[in-house]
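Each protein sequence line maps, in turn, to chains P and D.
Going by our numbering, 408 is the number at position 408 of the first sequence; the sequence numbering is gapless.
Going by our numbering, 39 is the number at position 39 of the second sequence; the sequence numbering is gapless.
I should point out that these hints are in silico values taken from the structure, not numbers from a laboratory.
Treat the hints loosely; a few may be bogus.
In silico contact screen, one side only, chain P against chain D (beta carbon under 8 angstroms); selected entries [as the list claims (entries may be wrong)]:
1) Ala4
2) Leu7
3) Ala80
4) Val97
5) Gly153
6) Gln172
7) Leu176
8) Leu180
9) Leu430
10) Met455
11) Ala456
Here are the computed distance ranges between Cβ atoms for each label pair [said to hold, decoys possible]:
12) D:Ala190 <-> P:Pro71: 28 to 38 angstroms
13) P:Val416 <-> D:Leu283: 27 to 37 angstroms
14) P:Thr235 <-> D:Ala42: 34 to 44 angstroms
15) P:Thr108 <-> D:Gly367: 49 to 59 angstroms
16) D:Trp364 <-> P:Tyr162: 22 to 32 angstroms
17) P:Thr361 <-> D:Pro446: 51 to 61 angstroms
18) P:Asp448 <-> D:Ser428: 26 to 36 angstroms
Where is the CB? At the ideal position from N, CA and C, for every residue including glycine.
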Amino acid sequence: MSLAWILLLPFAGGLAAWIAGRWSDLWARWIALGTALLHLLLLLVTWGVFFTRVAPAPGGWLMASKQPWIPQLGISFHLAVDGISLLMLLLASFLTVLAILTSWTSITRSVGFYHFNLLLILTALSGVFIAFDLFLFFAFWEISLLPLYFLIGIWGYENRVYATTKFFIITQGSGLLMLLAILGLVVVHWQATGVLTFDYLDLVGTVMSDTKAFWLMLGFFIAFAVKLPVVPFHTWLPDAHTQAPTAGSVALAGLVLKVGAYGMIRFVVPMFPQAVADFTLAAMILAVVGILYGALLALGQTDLKRMVAYTSISHMGFVLLGIFAGNELALQGAVIIMLSHGFSAAALFIMVGDLQHRTHTRELGRFGGLWAVMPRMGGVGLFFAMASLGLPGLASFVGEFLVLLGAFQVNVPLTVLASVGLVAATIYSLWMMQKVYYGANTADWQVDDTGGREMAIMASLIGATLWIGLYPQPVLTTSGHALTEMRKFAAQARATAARPEGTESAASAAVASTSPVGGERP
Amino acid sequence: MNPFSALTPMVLLGLTPLVLMLVISFHRSHWLAALISLVGMALPLALLAGTATSDAPPLAPLLIIDGYALFYIGLLSAATMVVVVLSYGYLERVPGNREEFYLLLTLATFGCAVLTASNHFISFFLGLEILSVSLYGLVAYLRTTRTALESGIKYLILAAASAAFLLFGMALIYADLGTMDFTAMTSVLAAKTREPSVLLLGGFAMVVIGAGFKLAVVPFHMWAPDVYQGAPTPVTAYLTTVSKGAMVALLLRYGQYGGLLDYDSVASVLAVIAVLSMFLGNLLALLQDNLKRLLAYSSIAHLGYLLVAVIAASREGSHAVTFYLVAYFVTSLGIFGIITALSDERKEADEISDYRGLFWRRPWVSGALSLMLFSLAGIPLTAGFVGKFYVLTAGVLSDLWLLVLSLVVSSVIGLYYYLRIIITMYLSAPADPSSPLPATRRFSFPEGLVLAGLTVLLIWFGVYPAPLLSAIQAAVGSLA
Numbered sequence: 001m002s003l004a005w006i007l008l009l010p011f012a013g014g015l016a017a018w019i020a021g022r023w024s025d026l027w028a029r030w031i032a033l034g035t036a037l038l039h040l041l042l043l044l045v046t047w048g049v050f051f052t053r054v055a056p057a058p059g060g061w062l063m064a065s066k067q068p069w070i071p072q073l074g075i076s077f078h079l080a081v082d083g084i085s086l087l088m089l090l091l092a093s094f095l096t097v098l099a100i101l102t103s104w105t106s107i108t109r110s111v112g113f114y115h116f117n118l119l120l121i122l123t124a125l126s127g128v129f130i131a132f133d134l135f136l137f138f139a140f141w142e143i144s145l146l147p148l149y150f151l152i153g154i155w156g157y158e159n160r161v162y163a164t165t166k167f168f169i170i171t172q173g174s175g176l177l178m179l180l181a182i183l184g185l186v187v188v189h190w191q192a193t194g195v196l197t198f199d200y201l202d203l204v205g206t207v208m209s210d211t212k213a214f215w216l217m218l219g220f221f222i223a224f225a226v227k228l229p230v231v232p233f234h235t236w237l238p239d240a241h242t243q244a245p246t247a248g249s250v251a252l253a254g255l256v257l258k259v260g261a262y263g264m265i266r267f268v269v270p271m272f273p274q275a276v277a278d279f280t281l282a283a284m285i286l287a288v289v290g291i292l293y294g295a296l297l298a299l300g301q302t303d304l305k306r307m308v309a310y311t312s313i314s315h316m317g318f319v320l321l322g323i324f325a326g327n328e329l330a331l332q333g334a335v336i337i338m339l340s341h342g343f344s345a346a347a348l349f350i351m352v353g354d355l356q357h358r359t360h361t362r363e364l365g366r367f368g369g370l371w372a373v374m375p376r377m378g379g380v381g382l383f384f385a386m387a388s389l390g391l392p393g394l395a396s397f398v399g400e401f402l403v404l405l406g407a408f409q410v411n412v413p414l415t416v417l418a419s420v421g422l423v424a425a426t427i428y429s430l431w432m433m434q435k436v437y438y439g440a441n442t443a444d445w446q447v448d449d450t451g452g453r454e455m456a457i458m459a460s461l462i463g464a465t466l467w468i469g470l471y472p473q474p475v476l477t478t479s480g481h482a483l484t485e486m487r488k489f490a491a492q493a494r495a496t497a498a499r500p501e502g503t504e505s506a507a508s509a510a511v512a513s514t515s516p517v518g519g520e521r522p
Numbered sequence: 001m002n003p004f005s006a007l008t009p010m011v012l013l014g015l016t017p018l019v020l021m022l023v024i025s026f027h028r029s030h031w032l033a034a035l036i037s038l039v040g041m042a043l044p045l046a047l048l049a050g051t052a053t054s055d056a057p058p059l060a061p062l063l064i065i066d067g068y069a070l071f072y073i074g075l076l077s078a079a080t081m082v083v084v085v086l087s088y089g090y091l092e093r094v095p096g097n098r099e100e101f102y103l104l105l106t107l108a109t110f111g112c113a114v115l116t117a118s119n120h121f122i123s124f125f126l127g128l129e130i131l132s133v134s135l136y137g138l139v140a141y142l143r144t145t146r147t148a149l150e151s152g153i154k155y156l157i158l159a160a161a162s163a164a165f166l167l168f169g170m171a172l173i174y175a176d177l178g179t180m181d182f183t184a185m186t187s188v189l190a191a192k193t194r195e196p197s198v199l200l201l202g203g204f205a206m207v208v209i210g211a212g213f214k215l216a217v218v219p220f221h222m223w224a225p226d227v228y229q230g231a232p233t234p235v236t237a238y239l240t241t242v243s244k245g246a247m248v249a250l251l252l253r254y255g256q257y258g259g260l261l262d263y264d265s266v267a268s269v270l271a272v273i274a275v276l277s278m279f280l281g282n283l284l285a286l287l288q289d290n291l292k293r294l295l296a297y298s299s300i301a302h303l304g305y306l307l308v309a310v311i312a313a314s315r316e317g318s319h320a321v322t323f324y325l326v327a328y329f330v331t332s333l334g335i336f337g338i339i340t341a342l343s344d345e346r347k348e349a350d351e352i353s354d355y356r357g358l359f360w361r362r363p364w365v366s367g368a369l370s371l372m373l374f375s376l377a378g379i380p381l382t383a384g385f386v387g388k389f390y391v392l393t394a395g396v397l398s399d400l401w402l403l404v405l406s407l408v409v410s411s412v413i414g415l416y417y418y419l420r421i422i423i424t425m426y427l428s429a430p431a432d433p434s435s436p437l438p439a440t441r442r443f444s445f446p447e448g449l450v451l452a453g454l455t456v457l458l459i460w461f462g463v464y465p466a467p468l469l470s471a472i473q474a475a476v477g478s479l480a
């Protein structure tokens, strides 16, 4: 089965929405919504297929399709889906539906182009999640920046030009660093085997010296750490979030941050096991710093949106902790947090967006006593504040619990410190509720409560959060299968690459002296 | 193959200015002159399709018409055709004689063609002088304006000085090697086992100065911003693309045959020039408000990137240089084309502020311009990205990590000014309704066609570069 529909569908839908937007805003909205819903539906069907399909063949954990693209450089159009990709795709598609719904009335300026950008984000991020060629992965990675750049730059708030430029330059710079790491990896593989290729399945088993592995790992790590974001690289995030339109914030928190975590799980961990093991302590310290720093700064914010942005940094710290703890439990937990944070951050950003749409402010000090005016919104806010602080029965509890359980086996003191982050999460979540909904309505707000469309958005997010919190097993099965298979495949590939040491080194030395773009490739 | 039929494209390129001169002396007509130059460029291009596959013998001793030369002649003629189309609309709105412009333009392209095919110092110098002398006239073509005159004189003095350096360098190399023929140089150099003499190194240094001036790399870049700004915009496009492209083509050939890149000292000098160009070009571009000046600095930086691949000197290096040039040609011609086509009698659309809110007035034009700027910045799905990627690959394959890192860091700096132009187009239009909006000129049909074609090429080479890569590999393969 060709997987190109995952990319073509949203792209075509985006183009159609753009064109339709020339005549009618409403048509653009409906086309975009229909496309995203169809995308989500097809992905759910694919998920169903996934459960019925257990292929024992090597690499059989993937549904793949591969076409030559730039054969001269060993680049192919290699798409593949495994459990993790599938979960990320589902999240991306689901949140895009919500992003379109949430901008139904708030976006009035060049609606067609706006929806084109939203669907282009979905296209590019879907590409990132299913690209199994490193060149292709990088291309999608970079393309995903463009629509976000326009989304923030055109439909953002007062300081949008600064925020969008900063976002673009920092993430593009980190992307180029990753490009260098990719090229370094490809050249190491070429020198060892004489084959120039950018294919993930070929490169994943590359055997290299520890120093080279460390530097290449660091290149990938920094690129992903900027997106995640890990604390010293996080400065673009609060600005971008605060200035972005609501849908842009949803896309940033729900999707873009996940790309960083996905990259670490897909590339850093299986490709450089030794370097990752050496780097574990440093990464876990960075993770704990991120958890505490994000929480602390969230407490210090006066801008509600900025505060939610800082809580994202804190939650992503748990993801990093889980990835680098390295055991199955923690990795599973990281995947769950990626999903649960996607839901809760999206919900909180949509809530802030709805509040701002009504009150035209994000200042925490100007809110207060809104529960009396809008009880439905207050209830939703309370639910997601609880989800954010990790109440058992809701999604993030499952993820954080698994991560802490896994990390505890690796490093006790850091795990203890990380769990302090949960206390901080309780404080900032409750503090937010206190400031916005409880207390006296000093500013005398008289605003409408949530309408049907807004409640539908929130209801779907509440449903998803409850589902993963109460019955996470389907998700765990999906990701667990992929995680073990991915690791097994990498180990096998590495073993086969290392075994015929004596016989191949002479041949590869002979090949290495010739050009990689010579005639020996088909 | 008959050497004379191999020479046909060159002869046609040489005949075009002659025909133009005769026609102009009998009958002055702007459109006729433009048409003749278009046909004069299109004919060799059409012939190339037939001859490109056969490898022609060298026309000893001056010229060698191999696949490499033919590829570049094709590229330069095609670029000149674009410049002709742009110039037509541009010259329509300036006073004075217009026909001689095409005479100079086609003559300059003839010089460039000689450069790409030259196999000898004599043809090298002849080609360069034909190009330079025509460019003096082109840069100062609007001689009634002060800026054009100033940039023309600036270009004249500096180009003449650099030509003197180049001649001196050639003399020094001749004194050491005893030959001016590139192919013969290879065998003389191969016979030498000792360290390069001071004469040879001095000669190389002088040649690098002469070439560096044409390429406008740091520290020979001083003329670029002023000349870019003062020259008519189509001429600026020509300077950026055809003139620099021919020089790079020559440099690659000379590097292969003449041993320029075999010595570590020369390679390190070029590396220093590359790093300086990348950083200085990108940093100074940050300060510009004039689009043409900004693009001059951007061009300095891009030639720095290109030098990384030249230094890599491996086969991938030559491929990467050629691909990068093609991508850069498409992008630069597109940007300067849009600047030209948006300018009208009242005002040249060369200030960044002129582009404020362009997206809301001219979505297609600003979309194309955004794509071109993204291509210059090296964002995927554009030709510029594949070019930059190829250059990086060549650099990494040759272990030039320092150069590659400088390229990455400096292009992140460069991102800022490209983004600044792009975001300006998407801001709301200026509030003042009394002053007429700048950059409102409607495109003529040929202009629109050419610009749309360039945009399509930009995306095509960015999304599916495989066919272009095979063509380049076949062409450059004849070099080694």
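Quiz item: Using the C-beta atoms of P:Thr361 and D:Pro446, is the stated range 51 to 61 angstroms upheld?
Solution: holds (54 angstroms)
Practice problem: Note whether the CB distance of P:Thr108 and D:Gly367 lies within 49 to 59 angstroms or breaks it. | Solution: violated (21 angstroms)
Practice problem: Closer than 8 angstroms between Cβ atoms is the bar; does P:Leu180 clear it against chain D? Give me holds or violated. | Solution: Holds - the Cβ of P:Leu180 comes within 8 angstroms of chain D, reaching about 6 angstroms at its closest.
Practice problem: With respect to the beta-carbon atoms only, verify the hint that P:Thr235 and D:Ala42 lie 34 to 44 angstroms apart. | Solution: violated (54 angstroms)
Quiz prompt | Assessment of proposed distance window 27 to 37 angstroms (beta carbons of P:Val416, D:Leu283) | solution = The hinted range 27 to 37 angstroms is violated for P:Val416 and D:Leu283, with Cβ atoms some 48 angstroms apart.
Exercise. Grab the minimum C-beta distance from P:Gln172 to chain D and call the hint holds if it beats 8 angstroms, violated otherwise.
Key: holds (6 angstroms)
Exercise. Double-check P:Met455 for me: the hint is only fine if its C-beta lies closer than 8 angstroms to a C-beta in chain D.
Key: violated (34 angstroms)
Quiz prompt | Closest C-beta approach of P:Ala80 to chain D relative to 8 angstroms, hint status | solution = Because about 20 angstroms separates P:Ala80 from the closest Cβ in chain D, which is outside the 8 angstroms limit, the hint is violated.
Quiz item: Taking the least C-beta to C-beta distance, is P:Leu430 closer than 8 angstroms to chain D?
Solution: Since the shortest Cβ distance to chain D is 40 angstroms, the answer is violated.
Self-check item: Given hint P:Gly153 near chain D, where the shortest CB pair must fall under 8 angstroms
Solution: holds (5 angstroms)
Quiz item: Does the Cβ distance between D:Ala190 and P:Pro71 fall inside 28 to 38 angstroms?
Solution: Because 35 angstroms falls inside the window, the suggested range holds.
Practice problem: Could you tell me whether the CB distance from P:Asp448 to D:Ser428 stays inside 26 to 36 angstroms? | Solution: Holds, at about 29 angstroms.
In the structure shown, a violation is registered for the earlier hints numbered 1, 2, 3, 4, 9, 10, 11, 13, 14, 15, in ascending order.
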